[in-house]
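The listed protein sequences correspond, in order, to chains D and A.
Counting along the first sequence from 1, when you hit position 131 you're at 131 in this note's numbering, and nothing is skipped either side.
Counting along the second sequence from 1, when you hit position 23 you're at 193 in this note's numbering, and nothing is skipped either side.
Some hints here could point you the wrong way.
As the list claims (entries may be wrong) - Computed cross-link-like contacts, SDA-like style, restricted to lysine to any residue with a CA-CA straight-line distance of at most 25 Å: (1) A:K260 x D:F20; (2) A:K260 x D:E108; (3) A:K278 x D:T159.
Simulated from the structure, these hints should not be mistaken for laboratory data.
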Amino acid sequence: MTTGELSPELRQYIGRVSDFVEGPDEVNAAMVRHWCEMAEDANPVYTDEEYAAASEYGGIISPPTMLSTWVYPRWWPPAEMPPGAGPAQLDLPLGDAPIPAVIGWTDEYFLPVRPGDRIRYNTRLDDISPLKRTRLGAGHFITTTNSYYNQRDELVGTTRYVLLRYRLDD
Amino acid sequence: MISRELHWEDVVEGDEIPAVSLEITRNRIVMIVSATRDIFPLHHDEDFARAAGYRAPAVATAFLQGMLGRCLTDWTGPAGKIRRLSLNLKAPTCAGDTVSAGGRVSRKYTENGEHKVDCELAVVTQDGTTTVAAEATVVVPPGGGTRQAGSD
Chain D
1 MTTGELSPEL
11 RQYIGRVSDF
21 VEGPDEVNAA
31 MVRHWCEMAE
41 DANPVYTDEE
51 YAAASEYGGI
61 ISPPTMLSTW
71 VYPRWWPPAE
81 MPPGAGPAQL
91 DLPLGDAPIP
101 AVIGWTDEYF
111 LPVRPGDRIR
121 YNTRLDDISP
131 LKRTRLGAGH
141 FITTTNSYYN
151 QRDELVGTTR
161 YVLLRYRLDD
Chain A
171 MISRELHWED
181 VVEGDEIPAV
191 SLEITRNRIV
201 MIVSATRDIF
211 PLHHDEDFAR
221 AAGYRAPAVA
231 TAFLQGMLGR
241 CLTDWTGPAG
251 KIRRLSLNLK
261 APTCAGDTVS
271 AGGRVSRKYT
281 ENGEHKVDCE
291 LAVVTQDGTT
301 TVAAEATVVV
311 PPGGGTRQAG
321 SD
């Protein structure tokens, strides 16, 4: 149920694309191993150097599902980037709907990602809905797409997020 | 070590993709935060999670992707390539749950010279709640070790 039209203030964000943000670490075998431990994933192209070297990849690759992890911000110190750079440029004035919930997450993988790669990404705001009543509370559905590139400017994959920004019902 | 090597010719629409199961222990909560780098308190802080209306800390979506990805390549073997993985989050997956990820083959086809399989997957908790409904497209190499004539 729609409770109103999208305000011009919010509508102007649709189609905006952020600057690029580079992941804090190059792709590396240690973080790949930590991921495989988490999921108990024994795929040898992720963790067995000898097997991976003889495979079509010629060496270890990252699990494709790790893609967004490679650009996750460092925990400390605070990222050295201009205030508002990256996805923060797309921060919407949604003070009345502060709580985020991931509703949908669609990855597409185009190229293998390997130790030594440097991954960077930008975010496009694809769509934002008018305020709607949902099971969780009143909120906006926000669709964004991250595009991930390696150091050769090759598009290695994308993530399309559908996020609900909502407020609890009174 | 994964020894199985699935061939595209052997896939039948409707085939079961065997489920993998993991218990979301406190240790695993720590491993998930560490491996995904997602330190948002909902994923590890009980007080924060309860105040936000959750029954317990809810795992990062990236963990569910990792588990579904593992389910797919456990099934195909290491030559399988995940091209697309789409998650529809139905309910939180929380600390204390034991979850299974599995599914079935929905479609088999060739496209741009690649041998593809579409899959319908789900993550289900111990009490039968589906927390994630997912779709995936995987490239599964044909058998014989050589490209098949006319496969393009």
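What hints, given by number in increasing order, does this structure fail?
1
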